[in-house]
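Participant: Here is how the chains run, residue by residue.
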Amino acid sequence: MTTLPQTTERKLGLVIDLDTCVGCHACVISCKGWNTENYGAPLSDTDAYGGDPSGTFLNRVHSYEVQPEAGAAQLIHFPKSCLHCEDAPCVTVCPTGASYKRVEDGIVLVNETDCIGCGLCAWACPYGAREMDAVEKVMKKCTLCVDRIYNENLPEEDREPACVRTCPAGARHFGDFADPDSNVSKLTAERGGMELMPEQGTKPVNRYLPPRPKDTIETDQIDILAPYLAPVAEEATGFLGWLDKTLEKL
Amino acid sequence: MHPAPSVIFFTVFSGIGFGLLFFLGLGIPAVTGWTAFAFFVIAYLCAVGGLISSTFHLGHPERALKAFTQWRSSWLSREGWCAVIALILMGLYGAGLVFFGQHWGLIGFLGSVFSVLTVFTTSMIYTQLKTIPRWNTPLTPAMFMSFSLSGGALLAGQTTWAMVLIAIAAAIQIVLWMQGDGALAGSGTDLATATGLGTGGSVRAFEPPHTGTNYLLKEFAYTVGRKHSQKLRIISIGLFAVLPVVLLLLPFSHFIALLAVASHVAGALAARWLFFAEAEHVVGLYYGKR
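Chains A and B supply the protein sequences, listed in that same order.
Quick note: the first sequence uses my numbering, first residue 1, plus one each step.
Quick note: the second sequence uses my numbering, first residue 1001, plus one each step.
Hints were generated in silico from the structure; no laboratory data involved.
Be aware that a few hints might be false.
Claimed, not checked - No more than 27 angstroms apart at the CA atoms, straight line, and that leaves these computed lysine-lysine pairs for DSS-like: (1) A/Lys203 <-> B/Lys1227; (2) B/Lys1218 <-> A/Lys32; (3) B/Lys1227 <-> B/Lys1130.
Since this is a predicted model, take the numbers as computed values, not measurements.
Could you build the full structure based on these sequences and the hints that come with them?
Facilitator: Written as structure tokens, this is what we have:
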């Protein structure tokens, strides 16, 4: 059904630490790898080795520059995937019931055999979390690795989303937001985890931890190494010096 | 937004078709026999042709019947139901007029109601989207319905109604354009709220996540139409409103009426192209495209 559940038993989601993310895109690649080889239609690439490559990804890393009123700008790497919203507008617009939000854990999924590929759910999503696959012609989105997190064939440490498992910086955390004692609830409370586009009224489950302020750079400090970096040969000498002078006279 | 030709064709022609069915259902003009047959053929060609065109933008049109299941929550599903009910009712009503010379008023009236509801539900598919502030206004359904009824009145040969409705459609369209130009800025959604980084200073998109294009950029960050939008708006108003009204004021002839219809349709297609091409989806903010 494309009506949303009143409440879900658990609220599984991600905390993404913008202070820690180094922008390596490892989460993008591990996501593409897992979700191409496992649940659902593969994530296609078109013209992958040609001049105009394009492909379906469920997770993408933007980079933004924040310029304060005074001082140096700060660069922030910003991974973005489905936020598994409580009031998911992508679910209610679906005409076929292919898009749904699970009552047991709040994961938003697409039943690909019911998807007619109308694209309306992607229109309704403010975050760009849904991409129509150019080859399969069905809507693809983050499944929160539903085929990993409950998978008893995997070792226990692998039962978390591929992006979280692979992050070398520990910038991604997976857990249950409905449990106030979970790792993600605690991180959100301690670090002031924020919602993206709260004014859109989607009530996203995923939270982003804001970057901490960086150390101040003292711009008026005298650089003691600077004299040693001055150009050594300011005037050309020898043949080049003669050539320079001769050409100058012409 | 990417202006898909199938959706532009669908909204314009099915709008005009259901607009004509609205008038026919109310017995305007009061026709029977072969004259009624001709009117109904034109209405069904526009309405059904538009609906068929809309399936061309589906990835899996063979599963389209599943779209009838979610009428409780989805405007797209409701549109499907209203269209089918309107076409069945008007088919019965039309059969009565053409083959039996009977005017089954109640069926015709209900057919008219569902014809208007079809256009309304179509418009709500766009109006409901908070992600596209330009569309997220009660003026969107007003625009769709006024275009539908003015096209219907033109095809039904109702000169006075057509002129009044065209004037209303033009007024609504102009206000929608003017209001729409400030809609994204007025929506409160910007790069600062999109990233949550606004408290630290001014945010700018530094590096995109990919060097090539993708579905999101093709579908939501379409910008080709913006450059000539003012000229296109004037051309569109001239074609769908000014020229048809001038032609209708001339002494009536079928040739002039045909010219008025052709001009109105061309202008409506241009206006609908702008409706999609000028619409700014908030996801463009993440790419620094707004």
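Participant: Evaluate each hint against the coordinates.
Facilitator: Quick rundown of the hints versus the structure:
{"no.": "1", "hint": "A/Lys203 <-> B/Lys1227", "verdict": "violated (36 angstroms)"}
{"no.": "2", "hint": "B/Lys1218 <-> A/Lys32", "verdict": "holds (20 angstroms)"}
{"no.": "3", "hint": "B/Lys1227 <-> B/Lys1130", "verdict": "holds (25 angstroms)"}
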